[in-house]
Structures are given as C-alpha cells and as structure tokens.
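J.: One letter stands for each residue in the lines below.
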Amino acid sequence: MSASARPTHDAATEPYQPVFAGKVLEELQSLLGRYPTKQGALLPALWLVQRQRGWISDRDMTEVAAVLGLTPAYVKGVVTFYTMYHQHPVGQNFVQVCTTSPCNICGAEDVVRALLQATGAKELGATSPDGRWTVIEVECLGACGFATPVLINDDFIESVSPEKVPDLVKRYR
Amino acid sequence: MGYPHKPHAKETKVLSKYFGDPEARTYKGWVKRGGYEAWRQAQTLAPAAITDLVKESGLRGRGGAGFPTGLKWSFMPKDKKKPHYLCVNADESEPGTFKDREIMRWTPHALLEGTAIAMRAIQAEVAYVYIRGEFTEPYAIMAQALAEATAAGAFGDLKIHLHRGAGAYICGEETALMNSIEGKRGNPRIKPPFPAAFGVFGMPTTINNVETLAAVPPILTNGPAWYKKMSLSNPKSTGTKLFSVCGHVQKPGNYELTMGFPLKDLLFELCGGMRPGRTLKACIPGGSSVPILDRAETEACLLDYEGAVERGTMLGSGGVIVFDDSADMVYQIMRLARFYAHESCAQCTQCREGTAWTTKILERILAGQGKATDLDLLLDLSENMTGKTICVLSDSCAAPVVSGIKKFRGEFEDYIAGKRKPVLVA
Chain A
1 MSASARPTHD AATEPYQPVF AGKVLEELQS LLGRYPTKQG ALLPALWLVQ
51 RQRGWISDRD MTEVAAVLGL TPAYVKGVVT FYTMYHQHPV GQNFVQVCTT
101 SPCNICGAED VVRALLQATG AKELGATSPD GRWTVIEVEC LGACGFATPV
151 LINDDFIESV SPEKVPDLVK RYR
Chain B
1 MGYPHKPHAK ETKVLSKYFG DPEARTYKGW VKRGGYEAWR QAQTLAPAAI
51 TDLVKESGLR GRGGAGFPTG LKWSFMPKDK KKPHYLCVNA DESEPGTFKD
101 REIMRWTPHA LLEGTAIAMR AIQAEVAYVY IRGEFTEPYA IMAQALAEAT
151 AAGAFGDLKI HLHRGAGAYI CGEETALMNS IEGKRGNPRI KPPFPAAFGV
201 FGMPTTINNV ETLAAVPPIL TNGPAWYKKM SLSNPKSTGT KLFSVCGHVQ
251 KPGNYELTMG FPLKDLLFEL CGGMRPGRTL KACIPGGSSV PILDRAETEA
301 CLLDYEGAVE RGTMLGSGGV IVFDDSADMV YQIMRLARFY AHESCAQCTQ
351 CREGTAWTTK ILERILAGQG KATDLDLLLD LSENMTGKTI CVLSDSCAAP
401 VVSGIKKFRG EFEDYIAGKR KPVLVA
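Top to bottom, those sequences are chains A and B. Heads up, the first sequence is in the numbering used here, so the first residue is 1 and it goes up one at a time. Heads up, the second sequence is in the numbering used here, so the first residue is 1 and it goes up one at a time.
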C-alpha cells in the first residue's frame with residue numbers, strides 16, 4: 001500500500017494518545033446509556049475511533065476493548081466482520097463504487113475505471129501516490145435506481161457516469 | 001410518486017405522498033400534514049386493540065418474507081415480565097431494493113410514528129433503528145427528525161435510538177441484526193428460540209421493516225377496512241407497496257402500487273419501457289434473492305405475494321431488476337453470486353464454500369474455460385445450498401443460479417462451447 005497522509009498509531013515508538021478523552025469520551029458515555037450492556041456500544045464506539053483516526057489500528061482496538069470491558073481479540077473479531085471499518089490507513093478521500101448487478105448493467109465498471117484514472121489511484125484498494133485517494137468496488141449501496149451510486153467519504157452521490165467523474169474528482173481536490 | 005419522476009395516475013400514493021417535499025421532513029411540517037394523529041389515537045387504545053387493527057388490515061411484512069405484521073406482534077408476551085424491544089430493520093441492502101432509503105429521506109416521521117405505535121402494541125420501551133452504514137444521508141435526516149420529535153415530547157417515555165451498521169448485508173437478517181446491535185459479529189442465530197421469546201439482549205423482541213412500520217399510521221387513521229380494500233387480485237395481499245425499479249428501464253425509481261398490479265404495466269407504462277431499440281429479456285421482481293423471470297413470465301406476473309409465487313418467484317422486498325436484450329445473463333448471475341460470496345458470514349459450510357465455488361465456476365465459464373459438466377455441477381452445488389443452513393443467504397445465491405441456468409441455459413453453453421468470446425481473464 002502506498003504512503004498515506006494519515007498518521008499511523010501502530011508505530012510502537014510513538015506514545016499512544018487515547019481516542020476516548022474529552023469530548024469523544026463524553027460522546028461514548030452518552031452512547032453507553034442507549035444499551036443495557038457495555039458491549040452494545042461497540043459498533044458506535046468503533047465509528048467514533050474511525051472518525052477520529054481515519055482507520056482503526058490494533059492499539060485503538062486495545063483501547064476500545066479496555067473501555068468496554070472486552071478483550072482486544074474480541075474487538076478485532078468484530079472489526080474484521082464489518083467491511084466499513086478500515087484496518088489500514090486509506091486515502092484522504094475514500095471512494096466506494098457499487099458494481100453489483102443492477103448498477104453493473106448500467107455501466108458501473110466504466111465508472112470505476114474513470115475514477116481510478118481521474119484520481120491516480122490506478123488500482124482498486126490502492127492509495128494514490130499523493131495519499132489523497134483510495135477507490136474500492138463495493139457490493140450494493142442500496143440506490144439501484146440511481147445507478148451508479150458512489151460514496152465519497154460520507155457524501156452519497158447518485159447517478160454517476162464516467163463523463164461526470166472528472167468534475168466530481170475536482171470537487172474533492 | 002414514482003420518485004424521482006412525476007407521479008403516475010396509476011399509482012396509489014399512501015407512503016410516497018410526500019416524497020420530494022422537504023417540508024414533510026420537519027416535525028412541524030409532518031404535524032401540518034396530519035402526522036402524529038395516528039400516534040395520538042394509538043395512545044387511547046390498549047396494545048392488543050392496536051395489534052387487532054393491524055391484523056385486520058392484512059398488512060404483511062415488507063422486508064421480504066411477507067409475514068402478517070399483526071400476527072408477529074401478537075407473539076410477544078402479553079404479561080410483561082422483562083423489558084421488551086422493537087428493532088427497526090433499516091439495513092436495506094438487497095440488490096435492487098431502495099425503497100426504505102426514500103422513506104427515511106423524505107418521510108422520517110412516518111417511520112418514527114409507526115415505530116412508536118408498534119412499540120405501544122408490543123409494550124416495548126426501547127427501539128433500535130438499525131440503519132446500514134452506507135446510508136449517511138438517511139441517517140442524518142432520521143437523526144434530525146428524531147431530535148425534533150423528542151424535543152416536542154412526541155414519544156413520552158419511549159426511547160428510540162438510531163444504530164449505524166458498518167457494511168454487512170447479512171445484518172438485514174433479523175437475528176444477525178440483533179447480534180450486531182449487541183456489539184457482536186453479524187452471524188445469524190439458530191431459531192428457535194424466536195425473537196419474541198429471546199431476542200436482542202435476550203429479551204422479547206419484534207423486528208419490523210421500515211416500509212411495514214411506515215404503513216401503520218395510515219392504517220390507524222383510515223381504518224383497516226380502507227387498507228384491506230386496496231387489493232387488485234388476491235385478498236391475502238392488501239394495501240400498497242413501494243416497488244423499486246432499476247436496471248434497463250427508461251425511468252427507474254420508486255413506484256407505489258396497489259397489491260396485485262401487473263408487472264408488465266409497471267415496466268412499460270409507469271417506467272416508460274425499455275431503452276429505444278431494446279427488448280425485455282428478464283426480470284427479478286423481488287430483490288436479487290428471488291428466482292429470475294423470463295420475458296413471458298414477467299409479462300404475466302401480478303405484483304402480490306401469491307401472484308409472484310404463481311410465476312415461480314417471490315415478491316420479496318419489491319426490488320425489481322430489469323434486464324434488456326443487451327444483458328449478459330451469465331456475467332450478471334456471476335456478479336450476483338460474487339455478491340453473496342462477499343456477504344456470506346461464513347458460519348455454515350454450505351454457504352461459505354457454496355457461494356465461493358459457485359462464483360469461481362461462473363468466473364471460469366466466463367473466462368472460456370468452462371467444462372461441459374459445469375452446469376450440472378452448479379445445479380448440484382445449489383441443491384446443497386438450499387434449505388440446509390442457519391439463514392437463507394445460501395438459498396438466495398442458489399435462486400438466481402438455478403433459475404438462470406434453467407431459463408438462459410443457451411448463454412452458458414455458448415461460453416462453454418467457445419461460441420462466445422470470453423469476458424474474463426483466467
């Protein structure tokens with residue numbers, strides 16, 4: 001994987017800065033009130049980690065485990081189950097393109113090719129040399145009538161065609 | 001309305017009446033449109049009376065199974081000894097389906113109102129709305145609507161929480177959804193015990209789909225007889241349903257129809273038919289997990305639970321995927337198999353191995369390296385993937401494969417015989 005602009009907290013030499021401190025800790029505490037068990041807050045807690053860090057490292061998983069009274073191995077088991085949690089740093093703009101059948105027959109694979117070219121990410125899952133882009137194919141995004149839907153970070157963009165890709169990419173430059 | 005298109009005269013607008021109207025998203029705007037009147041009524045009724053009204057309406061689960069909603073609610077313990085929960089299934093991930101997304105985007109209060117009514121009917125004090133992780137916009141709109149309604153004191157002591165998924169189709173399966181809320185991997189659970197006895201956090205639980213719950217407020221305000229009357233064919237299928245149409249039609253979108261509406265009319269009148277110069281080849285009428293229909297079957301199919309079964313398929317979620325004569329059925333069935341292989345939770349051997357090998361064999365055929373025995377092998381694999389696992393994901397992979405080979409066998413054989421240029425590299 002190419003270098004990313006994101007800091008990694010896996011470097012053992014770097015002192016670990018906890019995610020759950022200050023405001024983020026308060027957010028977690030309010031989440032805990034929604035579930036009858038601490039474990040219930042695991043998925044939202046992982047979302048908080050990813051929002052703060054851009055991805056979820058092993059050391060972050062250890063922190064989550066300690067906060068929720070779980071083991072690091074258990075947390076890793078959950079993280080690896082869900083495709084939206086990043087276990088590696090990704091580009092500043094993370095692009096998910098639906099290529100399941102309904103979008104596929106409407107030209108989704110051409111959209112993927114156009115995105116790989118316009119972003120310089122070149123291959124699926126790799127990050128562009130400038131660290132700005134990672135493009136992946138995903139299964140059904142649930143907007144099949146608006147083929148091809150593309151999720152760039154948290155922005156859900158409908159009806160993307162190869163022609164629209166260059167302008168779309170410019171908006172995130 | 002046929003969102004994002006103008007409403008068509010043949011639609012029956014109940015759930016989709018305010019699609020495209022941003023003011024309906026606000027609490028005030030919803031109240032102005034008669035919203036929360038059903039919830040006010042429900043609070044004057046005993047829980048069992050609400051359940052009876054829904055039973056009488058004939059409403060059936062819109063998530064795919066078509067189980068009678070009132071009957072499901074009646075399975076919850078009457079003498080309450082433990083906390084009761086409602087889980088709202090907003091994990092809409094079935095390829096071809098995008099109706100719940102539109103309900104949450106345009107009429108979030110319809111869902112919240114239906115949720116509150118269902119909570120009263122099953123005596124739940126907490127509800128979790130499980131929204132798939134990719135639905136960032138619907139989540140934000142639901143969060144805003146929930147905050148406004150809560151600030152207005154709309155739900156009293158009831159607690160409704162949004163829970164964001166993280167990318168797993170299988171979490172739309174009700175027991176996997178409950179595990180996911182508990183902070184676990186989304187593996188489906190063996191049933192029994194059923195959720196009404198042992199659900200989320202081990203407590204009595206009901207799981208309902210978004211569209212099902214959004215249909216509850218109008219049933220209360222207009223009465224069950226009004227709902228029951230909306231039926232064009234079989235009286236066991238009542239009310240309206242959102243059909244999400246995608247693929248090769250001129251006007252893809254969500255269309256709300258009275259149960260029993262002809263599929264042919266939906267495709268050729270409401271959706272504007274095929275693209276110029278193209279003809280209809282195949283259609284999957286209920287989301288990717290149901291058997292594929294050929295052209296003749298599509299043209300004869302009525303859109304209700306029984307009408308779909310009569311044509312050898314299922315109504316499922318109402319996600320209608322349309323293929324014209326340009327579609328490569330072998331490639332598209334491979335894409336569906338790949339979807340299921342990616343989404344298998346890998347708990348059951350038949351599913352973990354079956355979905356992966358089905359995909360590999362289809363890829364081999366598309367690479368021009370198929371063997372004469374491959375079609376029988378695929379059918380044999382599918383046989384072993386049907387009715388043998390904890391949940392139906394495995395069966396869902398087999399459905400398009402078996403129906404696809406049956407109805408489009410020639411296309412598979414052409415690849416195997418080298419009469420068609422390979423589209424994949426071995």
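These aren't lab readings, by the way, just hints derived from the structure by calculation. Just so we're clear, the structure is a prediction, and the values are computed from it rather than from any experiment. Virtual Cβ for every residue (Gly too), placed ideally from N, Cα, C. Be careful, since some hints might not be right.
[Unchecked claim] No more than 20 angstroms apart at the CA atoms, straight line, and that leaves these computed lysine to any residue pairs for SDA-like:
id, chain 1, residue 1, chain 2, residue 2
1, B, 184, A, 62
2, A, 76, A, 92
3, A, 76, A, 129
4, A, 38, B, 182
5, A, 38, B, 78
6, B, 421, A, 109
7, B, 159, A, 32
8, B, 371, B, 342
9, A, 76, B, 421
10, B, 251, A, 32
11, B, 184, A, 109
12, B, 281, B, 360
[Said to hold, decoys possible] Some chain B residues judged to face chain A by a derived CB distance under 8 angstroms, without partners named:
id, residue
13, 180
14, 183
15, 348
16, 350
[What the hints assert, rightly or not] Label pairs and their calculated CB-CB ranges:
id, chain 1, residue 1, chain 2, residue 2, range
17, B, 360, A, 73, 24 to 32 angstroms
18, B, 41, A, 33, 26 to 34 angstroms
19, A, 37, B, 156, 42 to 50 angstroms
20, B, 422, A, 33, 51 to 59 angstroms
21, B, 156, A, 18, 33 to 41 angstroms
J.: Confirm or reject each hint.
T.: Verification of the hints:
Between residue 184 of chain B and residue 62 of chain A, the direct Cα distance comes to roughly 16 angstroms. Compliance with the 20 angstroms bound is thereby established for this hinted pair. With a C-alpha separation of about 23 angstroms, the suggested pairing of residue 76 of chain A with residue 92 of chain A is violated against the 20 angstroms cut-off. With a C-alpha separation of about 29 angstroms, the suggested pair residue 76 of chain A and residue 129 of chain A falls outside the 20 angstroms cut-off, and the hint is violated. Only pairs whose Cα atoms come within 20 angstroms are accepted, and residue 38 of chain A paired with residue 182 of chain B is accepted, the gap being roughly 9 angstroms.
Annotation: proposed proximity of residue 38 of chain A to residue 78 of chain B is violated, straight-line Cα distance about 29 angstroms (limit 20 angstroms). A C-alpha spacing of about 19 angstroms is found between residue 421 of chain B and residue 109 of chain A, which places the hinted pair at or below 20 angstroms, so the restraint holds. Note on residue 159 of chain B and residue 32 of chain A: the hinted pairing holds, with a Cα-Cα distance of about 14 angstroms set against a maximum of 20 angstroms. Between residue 371 of chain B and residue 342 of chain B the CA atoms are separated by roughly 25 angstroms; this puts the pair beyond 20 angstroms, and the hint is violated.
This hinted pair does not check out: residue 76 of chain A and residue 421 of chain B have alpha carbons roughly 44 angstroms apart, beyond 20 angstroms. At roughly 45 angstroms between alpha-carbon atoms, residue 251 of chain B and residue 32 of chain A are farther apart than 20 angstroms, so this suggested pair is violated. Using a Cα cut-off of 20 angstroms, the hinted pair residue 184 of chain B and residue 109 of chain A is violated, with the two alpha carbons roughly 33 angstroms apart. Of the pairs offered as hints, the one joining residue 281 of chain B and residue 360 of chain B is violated, with about 25 angstroms between alpha carbons and a cut-off of 20 angstroms exceeded.
With its C-beta approaching chain A no nearer than about 7 angstroms, residue 180 of chain B sits inside the 8 angstroms limit, and its interface hint holds. Checking residue 183 of chain B against chain A by beta carbon gives a least distance of about 3 angstroms; that is within 8 angstroms, so the hint holds. Violation of the interface hint for residue 348 of chain B is found here, the shortest Cβ-Cβ separation to chain A being roughly 15 angstroms, above the 8 angstroms cut-off. Interface restraint check: residue 350 of chain B against chain A, minimum CB-CB distance 20 angstroms, threshold 8 angstroms, status violated.
For the pair residue 360 of chain B and residue 73 of chain A, the supplied restraint of 24 to 32 angstroms holds, since their beta-carbon distance comes to about 31 angstroms. The given range of 26 to 34 angstroms is respected by residue 41 of chain B and residue 33 of chain A, whose C-beta atoms sit roughly 31 angstroms from each other. Restraint check, residue 37 of chain A to residue 156 of chain B: a C-beta distance of roughly 25 angstroms breaks the suggested window 42 to 50 angstroms. Judged by the Cβ atoms, the range 51 to 59 angstroms given for residue 422 of chain B and residue 33 of chain A holds: they are separated by roughly 57 angstroms.
With their beta carbons about 38 angstroms apart, residue 156 of chain B and residue 18 of chain A fall inside the hinted range of 33 to 41 angstroms.
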